[in-house]
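According to the UniProt record's numbering, the sequence shown holds residues 1 to 640 in order.
For the record, the hints were derived by calculation from the structure and aren't laboratory data. It should be emphasised that the depicted structure is a prediction, and the values quoted were computed from it without experimental measurement. Where hints are given, some of them may not hold.
To be verified - Keeping only pairs whose Cα atoms sit at most 25 Å apart, straight-line, the calculated SDA-like set for lysine to any residue is:
| id | residue 1 | residue 2 |
| --- | --- | --- |
| 1 | 196 | 170 |
| 2 | 382 | 350 |
| 3 | 408 | 370 |
| 4 | 244 | 361 |
| 5 | 439 | 450 |
| 6 | 592 | 497 |
| 7 | 462 | 403 |
| 8 | 308 | 269 |
| 9 | 452 | 386 |
| 10 | 527 | 462 |
| 11 | 308 | 204 |
| 12 | 194 | 129 |
| 13 | 308 | 348 |
| 14 | 249 | 376 |
| 15 | 462 | 611 |
| 16 | 628 | 534 |
| 17 | 68 | 201 |
| 18 | 408 | 421 |
| 19 | 249 | 148 |
| 20 | 463 | 504 |
| 21 | 201 | 232 |
| 22 | 403 | 486 |
| 23 | 47 | 314 |
| 24 | 592 | 502 |
| 25 | 378 | 474 |
| 26 | 434 | 491 |
| 27 | 408 | 506 |
| 28 | 502 | 584 |
| 29 | 360 | 379 |
| 30 | 463 | 512 |
| 31 | 244 | 363 |
| 32 | 510 | 484 |
| 33 | 47 | 151 |
| 34 | 214 | 228 |
| 35 | 68 | 7 |
| 36 | 495 | 515 |
| 37 | 194 | 379 |
| 38 | 6 | 173 |
| 39 | 495 | 511 |
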Amino acid sequence: MAVAEKETLGFQAEVKQLLHLMIHSLYSNKEIFLRELISNASDAADKLRFEAINNDALYGNDHELKIKVTFDKAARTITISDNGIGMSREEAIAHLGTIAKSGTKEFFSKLSGDQQADAALIGQFGVGFYSGFIVADRITVNTRRAGVDASQGVRWESSGEGDYSVEQIDKPNRGTDVILHLREGEDELLSAWKLKSIIRKYSDHISIPIEMQKEEWDKDKQESVLQDEFETVNQASALWARSKSDITKEQYEEFYKHVSHDFQPPLAYTHNRMEGRSEYTQLLYVPSHAPFDLWDRNKRGGIKLYVKRVFIMDDAEQLMPTYLRFIKGVIDSADLPLNVSREILQESRDVRVIREGSTKRVLGMLEEMANADEQEQKDKYKTFWTEFGQVLKEGIGEDFTNKDRIAKLLRFASTHNDSDVQDVSFADYVGRMKEGQDKIYYVTAESFNAAKNSPHLEIFRKKGVEVLLMTDRVDEWMLSFLNEFEGKELVSVAKGGLDLGKLEDEAEKKEHEETETQYKELVEKMKGVLGEKAKDVRVTFRLTDSPACLVADENELSGNLVRMLKAAGQEAPESKPILEINPNHPLVTRLKYEDAASPRFADWSHILFDQAMLAEGGSLSDPAAFVKRLNEILLATPAK
Numbered sequence: 001m002a003v004a005e006k007e008t009l010g011f012q013a014e015v016k017q018l019l020h021l022m023i024h025s026l027y028s029n030k031e032i033f034l035r036e037l038i039s040n041a042s043d044a045a046d047k048l049r050f051e052a053i054n055n056d057a058l059y060g061n062d063h064e065l066k067i068k069v070t071f072d073k074a075a076r077t078i079t080i081s082d083n084g085i086g087m088s089r090e091e092a093i094a095h096l097g098t099i100a101k102s103g104t105k106e107f108f109s110k111l112s113g114d115q116q117a118d119a120a121l122i123g124q125f126g127v128g129f130y131s132g133f134i135v136a137d138r139i140t141v142n143t144r145r146a147g148v149d150a151s152q153g154v155r156w157e158s159s160g161e162g163d164y165s166v167e168q169i170d171k172p173n174r175g176t177d178v179i180l181h182l183r184e185g186e187d188e189l190l191s192a193w194k195l196k197s198i199i200r201k202y203s204d205h206i207s208i209p210i211e212m213q214k215e216e217w218d219k220d221k222q223e224s225v226l227q228d229e230f231e232t233v234n235q236a237s238a239l240w241a242r243s244k245s246d247i248t249k250e251q252y253e254e255f256y257k258h259v260s261h262d263f264q265p266p267l268a269y270t271h272n273r274m275e276g277r278s279e280y281t282q283l284l285y286v287p288s289h290a291p292f293d294l295w296d297r298n299k300r301g302g303i304k305l306y307v308k309r310v311f312i313m314d315d316a317e318q319l320m321p322t323y324l325r326f327i328k329g330v331i332d333s334a335d336l337p338l339n340v341s342r343e344i345l346q347e348s349r350d351v352r353v354i355r356e357g358s359t360k361r362v363l364g365m366l367e368e369m370a371n372a373d374e375q376e377q378k379d380k381y382k383t384f385w386t387e388f389g390q391v392l393k394e395g396i397g398e399d400f401t402n403k404d405r406i407a408k409l410l411r412f413a414s415t416h417n418d419s420d421v422q423d424v425s426f427a428d429y430v431g432r433m434k435e436g437q438d439k440i441y442y443v444t445a446e447s448f449n450a451a452k453n454s455p456h457l458e459i460f461r462k463k464g465v466e467v468l469l470m471t472d473r474v475d476e477w478m479l480s481f482l483n484e485f486e487g488k489e490l491v492s493v494a495k496g497g498l499d500l501g502k503l504e505d506e507a508e509k510k511e512h513e514e515t516e517t518q519y520k521e522l523v524e525k526m527k528g529v530l531g532e533k534a535k536d537v538r539v540t541f542r543l544t545d546s547p548a549c550l551v552a553d554e555n556e557l558s559g560n561l562v563r564m565l566k567a568a569g570q571e572a573p574e575s576k577p578i579l580e581i582n583p584n585h586p587l588v589t590r591l592k593y594e595d596a597a598s599p600r601f602a603d604w605s606h607i608l609f610d611q612a613m614l615a616e617g618g619s620l621s622d623p624a625a626f627v628k629r630l631n632e633i634l635l636a637t638p639a640k
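Can you build the whole structure from these sequences, using the hints too?
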């Protein structure tokens, strides 16, 4: 008989916070407790299968993996039992008393206090074992790890408040029993019919048998009576291994919730069996909303890897490129060895084939949504783009093979409708190009308003030429890998000299040349004054309303990218912007006739430069000097 050494320990602070949130936010969907606990039991069976590949003795005399769900009306308990891997004392404390997930801090920082919104977030985080406290005011866990003596069993118990107890017990069989002591008012769950209906609704896809006691009608008692014999209540076969024609949309969606711990149905899914050089089955899903840790590029992937239906790992990031890290699902290979490791995955030819094939399938799903005629599919793609568009843009620099396919999926805001909704594709833009236009014009900025109001757009608005408004932080990086689309060069309206090509007629070109000659002397004077600030000063015809603007040289970083790098604490290459002046603006015309030796000439030159810097969202190196100059000029202006 084991010596009972009962110890009381306190929950990790995050566990207490999660329990409180969960009980209050998820109660309206309380049935999910059974789905989560059965899912955990299934994972425990998968882990035993995996460890037993190299140590068959772990099975002992019990090779038939199963899950049992029983209830006791008198005791008011529901028990979910499995004969999977089980837990040691240390594992019980680690898994049930603490949350060791990466991204925990980010998760809690995003909680808003809105129960509905927080419920969705909690689902993303994965409620797992703690969901039992939605319906139970006390949970007892009896567990024993496979391969250890019966006397090494562990009992974990808690009322879900501040602490829990752990003690050593005798447990004849390996695996875990989760015993839920129901709260008042939860007696409807003490019914075989109710539990079976929940299992068939949420857990029919579980690949091992879920058993419950058979029920038979007792004519004398006029009620259903539980029998000693057990029956399987789920299909007990891997969902991805079944024929697509045998699987309903609801079953696909419930399986998604199982693999993703998401409460919302997916936007789309693809289920395929691939044969040829490499044989594998894929069941991949596009979620309907972004997880809280989407921007953690070190996060493991959302793909579960199986080999011949034996679970291998649940975060096989080698099977999907980083820019598709939001994809969830299962890949089952017939070719990989059962003892495959992460190192082998990195070097395997079969894995490369699976990765390439799965990437193409995902892009195919997105193309179907993006190019569909049905409004429902179009709306789904809008949802996808809002949630995952910035991540997909990473693929332009990471996946050269599929760069052109990804480019067609990109969406942007533009001056076509002056809306911050990103719904304009490159194909849309090209289809609306003006006669004679051979370039795709864009501007980058830190916000939509900064892009929309950029002075660089003035000539394009005047000529009715559409400009893409790029405001995502990833855009500057993406554009370093994307120079053209279907033969049309991508050109920043804020870099290099203005070249409108055939959009400018010969008369305009001649007029511009004459104007540049007239302002040559002013330009030279301003260069002398602004030598420390500006790389060059030149006349521009890209402005219609503003007196001046700043542009970056053709081969230098844009001002927006320089600001982003500095904001991120990174060093940016030292470069000076070019000041372009509008010869048709009254301020510039006035400056043309100002004496270069006058202090006012220098003040006006600096003010034009500083105004241009502010207009493009930059910050002044010496704000006090700007204010002083401006005040002096205002005071020098005679009052009327």
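Hint numbers not upheld by this structure, sorted from lowest to highest: Structure breaks hints 1, 2, 7, 10, 19, 24, 27, 32, 35, 37.
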